[in-house]
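**Q** Using the sequences and the accompanying hints, generate a full structural model.
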Amino acid sequence: MADITAPAYRTIPIIPALKPGAMEGKGPFIANDKHQEALGFPGQLVDDWHDKAIAKMGDLLGKFRSLRVYMDACVHCGACSDKCHYFIGTQDPKNMPVARQDLMRSIYRRYFTLAGKFFPKLVGARDLTREVLDEWYNYYHQCSECRRCSVFCPYGIDTAEITMAAREILASVGMGQKYSNEIIAKVHKIGNNLGLPEPALVDTLEGLEEDVKEDTGLDIKFPVDVKGAEVLLITPSADFFAEPHIDGLIGYAKVFHASGTSWTLSSMASEGANFGMFIGNYEQLRKIALRIREAALELGVKRIVVGECGHAWRVAYSFWNTLSGVGDGADETDRFAQMLQKQLDHRYKQPTHICEFTWDLIQRDALKFDKSKNDQFVITMHDSCNVARGSRMGDLPGGQFEIPRNIIKTVANNFVEMDANTTRERTFCCGGGGGLLTDDLMELRVKGALPRMEVLNQAVQEHGVNYMAAICAICKTQFSKIMPVYGFDRKMVGGVHQLVSNAIILGDK
Amino acid sequence: MSVLFAILFYLATLVFVVGLLSRISLYARTPAPLKIPTTPAPTTKTGVVFRLTREVVFFESLFKANLWTWAMGWLFHASLLLVTLRHLRYFTDPVWGWVAFIQPFGIYAGITMLLGLCGLWVRRLFVERIRYISTPSDHLWLVLLIVIAVSGLLMQFVSHTDVVGVKTYFLGLLSFDIGTLPADGLLLLHLFLVFALLALFPLSKLLHAPGVFFSPTRNQTDNPREHRHLSAWAGKLESEK
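First to last, the protein sequences are chains G and R.
At the far end of the first sequence sits residue 508, using numbering that gives the first Met the number 0, and the numbering has no gaps.
At the far end of the second sequence sits residue 240, using numbering that gives the first Met the number 0, and the numbering has no gaps.
Rather than coming from a laboratory, the hints here were simulated on the basis of the structure.
No false leads were mixed into what you were given.
Distance ranges between label pairs, derived from CB positions:
{"hint": "1", "chain 1": "R", "residue 1": "Val48", "chain 2": "G", "residue 2": "Pro19", "range": "41 to 49 Å"}
{"hint": "2", "chain 1": "G", "residue 1": "Ile11", "chain 2": "R", "residue 2": "Ser24", "range": "40 to 48 Å"}
{"hint": "3", "chain 1": "R", "residue 1": "Val48", "chain 2": "G", "residue 2": "Asp344", "range": "27 to 35 Å"}
{"hint": "4", "chain 1": "R", "residue 1": "Ala70", "chain 2": "G", "residue 2": "Asp369", "range": "47 to 55 Å"}
{"hint": "5", "chain 1": "G", "residue 1": "Ile11", "chain 2": "R", "residue 2": "Cys117", "range": "29 to 37 Å"}
{"hint": "6", "chain 1": "G", "residue 1": "Phe118", "chain 2": "R", "residue 2": "Ser21", "range": "16 to 24 Å"}
{"hint": "7", "chain 1": "R", "residue 1": "Leu124", "chain 2": "G", "residue 2": "Asn420", "range": "22 to 30 Å"}
{"hint": "8", "chain 1": "G", "residue 1": "Gly328", "chain 2": "R", "residue 2": "Ser21", "range": "31 to 39 Å"}
{"hint": "9", "chain 1": "G", "residue 1": "Glu416", "chain 2": "R", "residue 2": "Thr43", "range": "24 to 32 Å"}
{"hint": "10", "chain 1": "G", "residue 1": "Asn420", "chain 2": "R", "residue 2": "Cys117", "range": "23 to 31 Å"}
{"hint": "11", "chain 1": "G", "residue 1": "Asp50", "chain 2": "R", "residue 2": "Thr43", "range": "39 to 47 Å"}
{"hint": "12", "chain 1": "R", "residue 1": "Val55", "chain 2": "G", "residue 2": "Asp418", "range": "27 to 35 Å"}
{"hint": "13", "chain 1": "G", "residue 1": "Ile504", "chain 2": "R", "residue 2": "His226", "range": "35 to 43 Å"}
To give an idea of the interface, some chain G residues facing chain R are shown, with a C-beta separation under 10 Å as derived from the structure:
{"hint": "14", "residue": "Lys62"}
{"hint": "15", "residue": "Ser80"}
{"hint": "16", "residue": "Phe335"}
{"hint": "17", "residue": "Ala387"}
DSS-like cross-link-like pairs, simulated, lysine-lysine; straight-line CA separation at most 25 Å:
{"hint": "18", "chain 1": "G", "residue 1": "Lys341", "chain 2": "R", "residue 2": "Lys235"}
{"hint": "19", "chain 1": "R", "residue 1": "Lys235", "chain 2": "G", "residue 2": "Lys55"}
{"hint": "20", "chain 1": "G", "residue 1": "Lys408", "chain 2": "G", "residue 2": "Lys372"}
Beta carbons: idealized from backbone N, C-alpha and C, even for Gly.
**A** This is the structure we're talking about:
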């Protein structure tokens, strides 16, 4: 970290000039054979990688309408070209969403279109070479799949879909990413990303109960594997011990305690994160999601609540019903989904975000707060990308913005917004999402956070902001790591439920 | 020449129709296994219809992205629509009332279309980011459209072509009767490039036109918790278990 310094702030709005080659390089560490094979990928680059890669691309084109349409539809209008935080932060033209897409589109045109077969130069088509593969590996690991570009594309082209496909092709020929694949292997083996086995988890939670008792004088429980509990809480494993995440977990526990809700964690599915999405592999995405289904069936819970985690909430909200049947509205004949859906209580949304859960209690006047407990903070909200552009909360579109803000305003007195071009559906990624939260990408993470830091700094100067709320474990980890590089206190970032935890008044129910 | 252009006309139309339909059917047949609307997204089908309508009619997302590109792009597309509709008069007899009505607008739309195209090309040539992402074909498409527009406008305002002859020829072609096409250089150029455009449509980035309707980030309803969305190939994974 010491050798990485913060880039200088610029004047907003920023339209950066191009610096070709600024982020050329090898990309993050490549997964070794052990991590590759644990996920069913080849351990090394296979000899026939060229044919395998093209075949895999054809396979994905047939399975994903998004990829199929997005390869054809781009007209190079440039609407997305200044929207990516990695481009704004690094100025490397290959980090413009359209250019990143074209790394694959050029191959698609060469092998899958008439124009590219006969007039490659004319339409920007090229052969798949080893150099192209390396270039893919580097630049498709400079995309956090945050979807900001897709907001602005006139055809809704989502670079995340293309990045996912590229990573899937790379992994399938033996070039997977170490960070993501290692973590996925741990989920399957141990139950969470951190590799925290059940005894250690139980130990940690007991310690937490003691700490909270010391703080509040109350017996606030952090139950594990309680059969018959009403709520199964699925939360990112960082919540169990990382700072500031753990304060959020304490917040959830206090809300459950105050509302008298019986709840439990699961040692088998002690992880909300699903890195299967990051590597673009449907089978892994599904396999990881199925652990939660199994836990829910085994524990017989009525509700599934998801903690503060961005991509986990996208997967839970948008994909769980498809992948594992956690949701509602399955066909009568759909035995796989019905098995679980019959068990769940459909007076509530399945799954429920912890913010929806808390906001619902607030609306029913079931929680009491002392707002002044948060008076030392001037709070702003960093909308986490996956929550903002890949999910919803509540009944209305945009609930994912309103509900967390409503909670903050209920538990604290000082709330201000950052530049409207960088919040809600236009929010920037923190710079560490999409499987890039690894130390071997530190330079990218620092530069990718620059756009957010510039806007935050503006809010700090104008309003004296000293707390940036985020509802994502990756945002929290990324910001607490890189904010010191920009001269901010690492404690400036925290969860929404950390604020809830500060202000909640706990009676003796 | 009349026979050659008749063949080109039939060929281009055939490639356009068959190519476009096969592409559309490919898009329609390819499953979208996951719910990926860019949120906030409409929660009902009617809402999706409105979203797509705003996208197609007003270029809503492009408006959010960049005002200049939006203004030039919208001007070009709206003008092109008027111009195309105006040209229906060469294929219908008697001319439909509303086609006759838009005739004067259609003519001036030719000029605004050219303005839009030139604006887009200036952007492509002089904005560094857009120049970087442009392929030769991106420039050529603009050149092609500009030449079509200019040749059309020249026939309208400078060197009049025999429109009655042109109309008789195309009405003939519609009933597979090849008459005589007026031998006018501008006309032949205009027609040849339009045929080229039609034939290349289904093989090129012009597929953005049908593509936008099939874009899952735009055409999906935001209701994943309320309805289970399952594609055929993903469903098979469940029965294998």
